[in-house]
Amino acid sequence: MESRVEQAVALHQKGYNCAQAIICTYCDLFGVDEQTAYKMSEGFGLGMGMMETCGALTGGLMMAGLKNSAGVEEPGKTKGSTYKINRAMGEAFQKAAGSMLCAELKGRDTGTPLCSCEDCIRHGAKIVEEQLLSDR
1 MESRVEQAVA LHQKGYNCAQ AIICTYCDLF GVDEQTAYKM SEGFGLGMGM
51 METCGALTGG LMMAGLKNSA GVEEPGKTKG STYKINRAMG EAFQKAAGSM
101 LCAELKGRDT GTPLCSCEDC IRHGAKIVEE QLLSDR
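Just so we're aligned: 71 in UniProt numbering is position 71 of the sequence shown, and the numbers increase by one with no gaps anywhere.
Keep in mind the hints are simulated off the structure, nothing from the lab. Hints are not guaranteed to be accurate.
Using C-beta positions, here's what the derived DEER-type ranges look like [what the hints assert, rightly or not]:
| id | residue 1 | residue 2 | range |
| --- | --- | --- | --- |
| 1 | M50 | T112 | 19 to 29 Å |
| 2 | K14 | G98 | 20 to 30 Å |
| 3 | V72 | G107 | 38 to 48 Å |
| 4 | A70 | G98 | 31 to 41 Å |
| 5 | K79 | T110 | 29 to 39 Å |
| 6 | G65 | S3 | 19 to 29 Å |
| 7 | M50 | D135 | 33 to 43 Å |
| 8 | G111 | Q13 | 21 to 31 Å |
| 9 | Q13 | R108 | 18 to 28 Å |
| 10 | L29 | V72 | 20 to 30 Å |
| 11 | D28 | T112 | 32 to 42 Å |
| 12 | A96 | F30 | 14 to 24 Å |
| 13 | E130 | G43 | 18 to 28 Å |
| 14 | T112 | V72 | 38 to 48 Å |
From the three backbone atoms N, C-alpha and C, an ideal C-beta is built for every residue, glycine too.
Please build the complete structure, drawing on both the sequences and the hints.
This is the structure in structure tokens:
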């Protein structure tokens with residue numbers, strides 16, 4: 001059986017953006033259907049379309065909220081703890097990929113990519129598994 005990490009890469013190869021590849025791979029574990037996950041994450045690919053924060057990371061950060069948030073029943077209650085998870089995920093991603101910024105990862109200004117999109121997706125998926133799913 002194919003690992004979820006490689007499922008995420010396969011989704012990217014099918015045309016899903018980096019954020020969609022991450023969130024659609026794991027959405028079933030968080031009670032979100034794939035169609036909704038796909039649509040809500042579409043604007044997060046290519047560093048939110050502006051080559052900023054990598055979608056392979058932001059897809060995972062959206063899932064941190066799905067896992068940790070208390071929801072509308074208790075507004076604001078879990079923001080701080082979710083941000084703490086986000087920081088840990090961001091630090092892990094930066095360490096693994098060399099940057100959190102799509103432009104730097106793709107080598108836009110240097111001509112030398114730090115990390116391929118597929119490897120960023122692998123890193124993002126592994127971080128989701130390590131930091132959000134380790135208790136399953």
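Which of the numbered hints above does this structure break?
-> none
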